[in-house]
Each structure stands twice: as structure tokens, then as C-alpha cells.
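Q: Take a look at the letters that make up each chain.
2 protein chains.
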Amino acid sequence: MCQLLGMNCNTPTDIVFSFEGFRRRGGLTDHHADGFGIGFFEGRGVRLFHDDKPSANSPVADLVKAYQIKSENVIAHIRKATQGQTSLANTHPFMREMWGGYWLFAHNGHLKNFFPKEGGFYRAVGNTDSERAFCYILEQLRRRFSERPDEHALFDAVAELTAEIREYGLFNFMMSNGECLFAHASTLLHYIVRKAPFGEAHLIDDDVKVDFAAVTTPNDKVAVIATLPLTANETWLQLAVNELVMFREGDIVRRHAPEHPVYMSAEEGLAIARAAGVSV
Amino acid sequence: MCQLLGMNCNTPTDIVFSFEGFRRRGGLTDHHADGFGIGFFEGRGVRLFHDDKPSANSPVADLVKAYQIKSENVIAHIRKATQGQTSLANTHPFMREMWGGYWLFAHNGHLKNFFPKEGGFYRAVGNTDSERAFCYILEQLRRRFSERPDEHALFDAVAELTAEIREYGLFNFMMSNGECLFAHASTLLHYIVRKAPFGEAHLIDDDVKVDFAAVTTPNDKVAVIATLPLTANETWLQLAVNELVMFREGDIVRRHAPEHPVYMSAEEGLAIARAAGVSV
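Protein chains in written order, with UniProt numbering: chain A, 1 to 280; chain B, 1 to 280.
Just so you know, the hints here were simulated from the structure itself, not pulled from any lab data.
This structure is a prediction, so every number in the text was calculated from the model and none was measured.
Among the hints, erroneous ones may be present.
Copies of the same chain are indistinguishable here, so a pair counts whether it falls within one copy or spans any two.
[Said to hold, decoys possible] As a list, the in silico EDC-like pairs of lysine to aspartate or glutamate whose alpha-carbon atoms are at most 16 Å apart:
1) LYS65 with GLU259
2) LYS221 with ASP14
3) LYS221 with GLU151
4) LYS70 with ASP14
5) LYS65 with GLU20
6) LYS117 with GLU147
7) LYS112 with ASP207
8) LYS65 with ASP14
9) LYS221 with GLU179
10) LYS117 with GLU42
11) LYS221 with GLU164
12) LYS112 with GLU249
13) LYS70 with GLU20
14) LYS70 with ASP52
15) LYS112 with GLU151
16) LYS195 with ASP211
17) LYS209 with GLU20
Start from the sequences, fold in the hints, and give me the full structure.
A: Given below as C-alpha cells:
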């Protein structure tokens, strides 16, 4: 199974601490060793780094660490190839322009026989189910809305499309337009909203800790979303199975959950991924 | 004036040598110090690096050097901001997907009052004349051809659109879909096709030389295209004013030049840029 990492904040924040733990899962503490990608929104622009080397020893990942890019919206992905060959064209996050803004998307899971009719606006370049799902979402949004709709209409449409696509299989994903960040869980997705009073956090995957109080202001609000919790001493919350949320400025502003939410254990989530032929 | 650098080859080639000279024009040997960008096609994928730091001392540019990415098609751009604020969203090369493949575009010049009707398929994210021109070209191509046409139909259409856009001002540009690379000169654009027997080359902007014979095979063919020649001891050819060429596998395979071609001196080219309000 691949792993996802996202960040949505109310002020440009550097993701180095979370990324350090996350990237070690790419080849060191875990087996997601088929490349990685990370996209940072900066204003209306996107800085996108892709690498087909394992993230744990990728010089691109070293740059990400050294550069300490500050962003309000980040999506990262460590890949264990299950669908499509390992190639740059198949490396998440994927990017497209819609309504005059960039969109990023990363997926963890497997959509069986998901081959929607080729889009008039958006087409996949590589050969992953993930990029096809992203293009399908954008294609349908673009057909419904010739201009960018308000946030709530957008959320409702994404929720509808997500429900349609997850019929094909495992569809944990994150998607952002640089303002809001959508996160959907088929199995495992955790999040934490850090805000004042800030404390200290310890990475699970590395002997590193950070005192957020020293690097933030009292108004900062930073949501970090990841497949599995990244820190040992904080309380991460979990998305329910089939729950879709929309973050803006570090808060969940919309959520769409099943009436009777089910929360999956990490063991269960990994077992399901295995059974679906998604390597873990 | 910004500077352009492109490469089109018949085998994946690393651009480090040319890029080393080129990047020094970003802040060291010249004044193109408002950021830079470089895009490498790798298979169907694109590795894109943008930075708003001057290329001469950018850690992203250091990575490009250290990484020695091999590519058959590269487009790079050093920016001296003249239109639109300096921001990541305004940093060339720009990228879009069309017909299921990525396209890169970089521009050097200034299009006066170029505000085409907003596209149904492609819209600018930043606020440069350059990105509007790129989106306009793609929009018109996409309207004419719902599927990717053959190379010659593509060239003819790009030639027609280029003639239309250059009425608005200076339009030196490069554009590539990872197979062919288009280059058009309004003022200055030079190129060299390196092939066997390979010799030694000396950078103009740095005390560096390379023996291409040691790093190539006899079948390699590498076209390098740049605003101004990058090496001192090789014969660079020049595009005529208003000439459009299409490179494939290191050769010019199509060209469209005025009946009576005019070749501009570097001094003339820089003076014209200055007069057009494009800083040099």
C-alpha cells in the first residue's frame, strides 16, 4: 500500500518535520520504495517534486528537507507500485489546471476495472487507475461547472463523484486546489489539527522531536493528514470508512460520513489492501 | 530579457554542461535574476523544477546539476520579470496536458495587449502574457484537433498560430510535447546540433570544458537551442527573425522561414528588447 501525507494550514508552514517521518517509510522503516512525489502550493503556483528513487535516500527528498518550503497546502505520496509500471508519468501527485487554478491529487488504493470514457477536457498521461480517477473527477466537475462554483457546491459534487468511484475499489485520496484540501478514506486515513497551545511532538519513524511552540504563532492552525499517525505522543483522529472531509485554513469545514461510521484498525486496513492485491 | 535554453536529442542526454553556463546568466555573468525553471521529459512524464531564487545560487539548480537527469527533451528559462509579478505561478516553463500528453512552454519577449478570450479548455493561472500565449496555442490546437494530429499538420497549425500571436510583439518561444520541440525567434535564438565526430566544447560563461566524445556514442544527435550561444569554440547557427523550426531526435525536421530571412545581431536583439520595455 502506498502512503499519503497532506497538510492544510491557515498560514504558510513548513512540512519538514512530518515529511521526515513520512519519507523514512519509503525504504527505511517501511517498504514503499518505488518513488515518491510531493507538491506544494505557493500562492497560485505549485512546486512539484517527483522521484522514482525511494524517498528515504532520494536527493530530491533531501532538497525538500533543505529547502524548508512553506506552504498552506501540501500533498505527498510514497509509492509501492501495484498498478502501472514505475515511471515518472505514474508518480503522484498528479497535477492539472481547472478554472484557471492548479489541482493536485494523490491516491492510495486500487480501483478494479475503472476505465471511464476518455475525457473531453482531461486525459491520463500515464497508465494508473489513480490518474484516471483524478481526470474523471476533474472532467465531471468541469462539465457541471464551467466556472469554479462555491465551496459547498464543490464539496457536494466531489462527494457524489467519490461515492461513484469507490464502488470500483479502494479509494483513499487527497486532492487540493491550493485553498481547500479534500481527504477521503476507504480504509486508513488519520489527521491531527495542531493549534495553540502548541506542544512537543515525537516522530514514530525517527528519533526526532520538535517543539511547535517555538516555530509557530498563537493563531496558527495546521492540519496534517496521513495514512497512519506520524507522531507517537499526540492524539490523531481517524476518518471513518467512506468518509470525505474538506479542510480549509487548518479546519475541517465540511464532512460527509456514513450514518453508522466504522473505523478501521491499521491491521484491518493493511489486510484489506493485501487481499485486494495492493502490496503493503 | 529572459533567456531560453532547450535540448532535443535522439537519446536521453544530460544537459548539465549547457545548463551550467546558462544558469550563470541568472545572477552571475548576466542579470536574469528573477528565478528560473527547467522541465525534463522522462518517458511520458515531466520533471519540473521552478525557483524564484536566481538560478546562479539556487539550491534547486544545484540539484539539477547533481542529479544529472537524462532527457530527450528539455526546456529551461531564466527570468527577468517584465510582465506580471515574480511568483511561482509566473515561472516558466508552463505545463499543461493535451491529448493525453504533457506539453511544456517557455517564452522570452513581450506581447502587448495580448488578452485572448478565455479558453474553454485551457486558462492561465498566473498573470503573464507568456502563459496566456501558451494557453491560447493549446486552446486553438485542441479545438482544431480532438485527437493528436500527425506531426506535419501539427507544425502547420503551430506556424499559423505563431504568426498570429507575434503580431502582438516579441515572441521568442520553445514548446515541446516530449517528442518534438518547437522553437521560434522574433529576435534571438541560436542552436547547434552536436553529432559524431564529437569534439571538445568550452563554456562562454564559466571556465569549464567538456569532451563530448567521451560521454556520447557515435549515433547520438543532440540539438541545443539557446537565446545566445553557450560555447565559445563551436559554430552556432541562428534562427531568422520570424522563423519557426521543429526538432525531432536532434534534427530540424520542419522549418518555416520568411522568404528573405533576416538574422539579428545580439546587439540589435538586446536593443529591440530594451525599446519594447523588456528589461535586459
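Q: The structure should be examined with respect to each hint, and the outcome stated for every one.
A: The hints, checked one at a time:
1. LYS65 with GLU259: neither (41 Å within a copy, 54 Å between copies)
2. LYS221 with ASP14: within (13 Å within a copy, 43 Å between copies)
3. LYS221 with GLU151: Intra 20 Å, inter 51 Å, cutoff 16 Å: neither.
4. LYS70 with ASP14: within (4 Å within a copy, 30 Å between copies)
5. LYS65 with GLU20: The answer is within: 8 Å in one copy meets 16 Å, while 24 Å across copies does not.
6. LYS117 with GLU147: Intra 23 Å, inter 14 Å, cutoff 16 Å: inter-copy only.
7. LYS112 with ASP207: Neither: 39 Å inside a chain and 56 Å across chains, both beyond 16 Å.
8. LYS65 with ASP14: within (9 Å within a copy, 25 Å between copies)
9. LYS221 with GLU179: For LYS221 and GLU179, the Cα distance is within 16 Å only inside one copy (14 Å; across copies 45 Å).
10. LYS117 with GLU42: Close neither inside one copy (33 Å) nor across copies (27 Å); limit 16 Å.
11. LYS221 with GLU164: The answer is neither: 32 Å in one copy and 49 Å across copies each exceed 16 Å.
12. LYS112 with GLU249: neither (34 Å within a copy, 38 Å between copies)
13. LYS70 with GLU20: within (15 Å within a copy, 28 Å between copies)
14. LYS70 with ASP52: between (24 Å within a copy, 13 Å between copies)
15. LYS112 with GLU151: neither (30 Å within a copy, 35 Å between copies)
16. LYS195 with ASP211: Answer is within; shortest intra-copy Cα gap is 12 Å, inter-copy 57 Å.
17. LYS209 with GLU20: within (11 Å within a copy, 38 Å between copies)
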